[in-house]
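J.: Sequence:
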Amino acid sequence: MLESRTVLPTDHGVFTTCAYTFGDVTHVAMLMGDPARAEAPIVRMHSECLTGDTLGSHRCDCGDQLEAALQAIAAEGTGILLYLRGHEGRGIGLAAKLRAYALQDDGMDTVDANRALGLPDDARDYTAAAEMLRHLGVPMVRLLSSNPAKAEALTSLGITVADRVVLPVLDRPENSHYLQTKRQRMRHDPLAGRVSVQEDTFPVYRTLAEYPEIVAQLAQSADGFIAARGGDAEFVSGEADRTHLHRLRAAVDAVLVGATTVTRDDPQLTVRAVQGENPVRVLLDPRARIPVCSRVLQSPDARTLWLVDEGVGVPSGVGAHVEVVRLPAGSATTSNGSNGARGASVDPATVLNVVREHVSGSILVEGGGKSVSAFLAAGVLDRLFLTVAPVLIGDGVPGVRFEGSNVMGEALRAPFRRYTFEDDVCTEFVLSQTAREHDAAQVHGQSAAQPAGHVTMQNAGQGPEAR
Numbered sequence: 001m002l003e004s005r006t007v008l009p010t011d012h013g014v015f016t017t018c019a020y021t022f023g024d025v026t027h028v029a030m031l032m033g034d035p036a037r038a039e040a041p042i043v044r045m046h047s048e049c050l051t052g053d054t055l056g057s058h059r060c061d062c063g064d065q066l067e068a069a070l071q072a073i074a075a076e077g078t079g080i081l082l083y084l085r086g087h088e089g090r091g092i093g094l095a096a097k098l099r100a101y102a103l104q105d106d107g108m109d110t111v112d113a114n115r116a117l118g119l120p121d122d123a124r125d126y127t128a129a130a131e132m133l134r135h136l137g138v139p140m141v142r143l144l145s146s147n148p149a150k151a152e153a154l155t156s157l158g159i160t161v162a163d164r165v166v167l168p169v170l171d172r173p174e175n176s177h178y179l180q181t182k183r184q185r186m187r188h189d190p191l192a193g194r195v196s197v198q199e200d201t202f203p204v205y206r207t208l209a210e211y212p213e214i215v216a217q218l219a220q221s222a223d224g225f226i227a228a229r230g231g232d233a234e235f236v237s238g239e240a241d242r243t244h245l246h247r248l249r250a251a252v253d254a255v256l257v258g259a260t261t262v263t264r265d266d267p268q269l270t271v272r273a274v275q276g277e278n279p280v281r282v283l284l285d286p287r288a289r290i291p292v293c294s295r296v297l298q299s300p301d302a303r304t305l306w307l308v309d310e311g312v313g314v315p316s317g318v319g320a321h322v323e324v325v326r327l328p329a330g331s332a333t334t335s336n337g338s339n340g341a342r343g344a345s346v347d348p349a350t351v352l353n354v355v356r357e358h359v360s361g362s363i364l365v366e367g368g369g370k371s372v373s374a375f376l377a378a379g380v381l382d383r384l385f386l387t388v389a390p391v392l393i394g395d396g397v398p399g400v401r402f403e404g405s406n407v408m409g410e411a412l413r414a415p416f417r418r419y420t421f422e423d424d425v426c427t428e429f430v431l432s433q434t435a436r437e438h439d440a441a442q443v444h445g446q447s448a449a450q451p452a453g454h455v456t457m458q459n460a461g462q463g464p465e466a467r
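Residue numbers (the UniProt record's numbering): 1 to 467.
No wet-lab data here; the hints were simulated from the structure. Quick reminder that beta carbons are idealized off the backbone N, C-alpha and C, glycines included. The reader is advised that the hints may include incorrect statements.
With beta-carbon atoms standing in for the labels, derived distance ranges [stated by the list, open to error]:
(1) L98 with G13: 29 to 35 Å
(2) A95 with A228: 54 to 60 Å
(3) D125 with A228: 53 to 59 Å
(4) E410 with V314: 39 to 45 Å
(5) M408 with G93: 32 to 38 Å
(6) S156 with A228: 53 to 59 Å
(7) D109 with N406: 25 to 31 Å
From just these sequences and the hints, can you work out the full model?
T.: So, in structure tokens, the structure goes:
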């Protein structure tokens, strides 16, 4: 029964808000635009969650889902959010949910905790949601949900679900196990699954092209090495991950590598596996150790900045595409690397200040392990793409390494997404608030069905070797 109708101004725009009471429970429908005139408007059936929606708990993703749904509806311009009360803890109630939390503190997952209390896995009833949609003149919807059971419930109640759209909500370190349990035991969609690294199914490429960020990418073995003991890195990860790397190159304005990577691998640092323009190549080489015969110093395929310390001599014979850029005097320090070799390091913030004088867009720190680790430890990265390949090297060139903490409670944790590139697993750590704001702006500025839609389950396109 419709009880009242008013308008509600929010951070995401003005919603027409209706109160419906069924039995002794009052639910809320928030409408934007005229959903009844749309063939299949986007609809979010959001279950009440005091801890997540109101108190900001990170044990679940409810608050994040609510925010993302309102953003998606506002971006579409037409849609409905049904806020379903009485659904706390998947319908078991607030007190029982907190008791289940206590069992989860002792090691149970969310399903076993409910069962230990003699409660169902999911006790929610969506009859009220279907009745509200019928009253609003919406017999067919595109459902914003990663839970197929919600679509099945609506269908059984006479509402047609034309599509189910997964919202692009990040896992948090605090809720990753909880969400993984729902994916493994309650049929929720995987975070990304086996993805195609195509521009239209991986919105971060567009984000990096539109918003300037500092990102890093590294592929390492399951035991944490990027190359064998002799320096052979061909190839740690598979072709799909290397295609992903080329997508990143095509999205950014500059790609930065250290002198050791160039000396060891002789990379091209160009875009070849996909279509796109070559980024500016930035060579961090304070002591001018890179051989003149290196492809990056001879091939005119891309503008190249050779970052060398003030006062260090640079040999002749490099291509006209190479510009020698001097680092500030005294910025380089000499130290022993992890393998005992002598090398020079420069404060990452200083490096970025120098590069920013020549490049305005996103910058990709591609290698090697020491460079990526230094930029990560300095706190200047917005994102880190870390791919782990199912191979054990045993000993070799280390991947991500930095001075950590003595206790796990102080370990570096950040919201993340996870992708499967054929046999490899890539974790995108979203390290900065700036990056999270860029993600939200990307969703807000487009149709909700496009960036948030089902990830295409196919392998990456074919492409040549990465370097």
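J.: To test your reading of the hints: which numbers does this structure violate?
T.: Hints that this structure does not satisfy do not exist here, as all of them hold.
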